[in-house]
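Peer 1: Below, each chain spelled out in residue letters.
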Amino acid sequence: QKEVEQDPGPLSVPEGAIVSLNCTYSNSAFQYFMWYRQYSRKGPELLMYTYSSGNKEDGRFTAQVDKSSKYISLFIRDSQPSDSATYLCAMKAAGNKLTFGGGTRVLVKP
Amino acid sequence: SAVISQKPSRDICQRGTSLTIQCQVDSQVTMMFWYRQQPGQSLTLIATANQGSEATYESGFVIDKFPISRPNLTFSTLTVSNMSPEDSSIYLCSVEEGRGEQYFGPGTRLTVT
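Here the protein sequences line up with chains A and B, keeping their order.
Numbering follows the working numbering, in which position 24 of the first sequence is assigned residue number 24; successive positions increment by one, without gaps.
Plus 1000 on top of the position in the second sequence (first one is 1) and you've got the working numbering.
Honestly, I wouldn't trust all of these hints.
Selected chain B positions facing chain A (in silico; Cβ < 7 Å) [stated by the list, open to error]:
1) G1052
2) G1098
3) F1104
4) G1105
5) P1106
For the record, the hints were derived by calculation from the structure and aren't laboratory data.
Even for Gly, the Cβ is constructed at its ideal location relative to N, Cα and C.
Please construct the entire structure, taking both the sequences and the accompanying hints into account.
Peer 2: Rendered as structure tokens:
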């Protein structure tokens, strides 16, 4: 079993819909949680960074961390075709390396 | 956040040759990393580039195949040696900033023929 599980998708939604992305993990030592967006042929771009449990909002993006369930989510409101990309979750324990999920392909249709 | 550049952005190389990829950061950073992303896959950590000492390699990666230099706090190189088609990937450098978040460069797309 992988340390971080992420549904590969693809996830197809109409423009304006809410995109919901999730990752589950098994390592209870993970404390730092990140979401990256990666366009084709580009490097990953850090979207959201959260420490420990709770919610964080930045514009159309909301990240949630539930450490008791070992579950993190990213919500994208009012999705746009420009949000079409692969979204990667990543997490780490203090002082340790970053562990990535497999990535979810998202397609927002006009 | 740090601005990271990589050279070259892409290359096509013949098997048996070597390619050195450069990573430049616009600010001094302690932690720099090299990743590989094979087609359609997620990111795999190759090594942590340590300034002034040897890199720390992950399981499955060895110094003879992927020698790394880190001469100062803003620059690192990764060499892919004796290449085979299986080395065709995107190679990415990243840096870690104060709170533990990591930022990535644009990547180097390598094709080995």
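Peer 1: Does the structure break any of the earlier hints, and which numbers would those be?
Peer 2: The structure breaks hints 1, 2; every other hint is satisfied.
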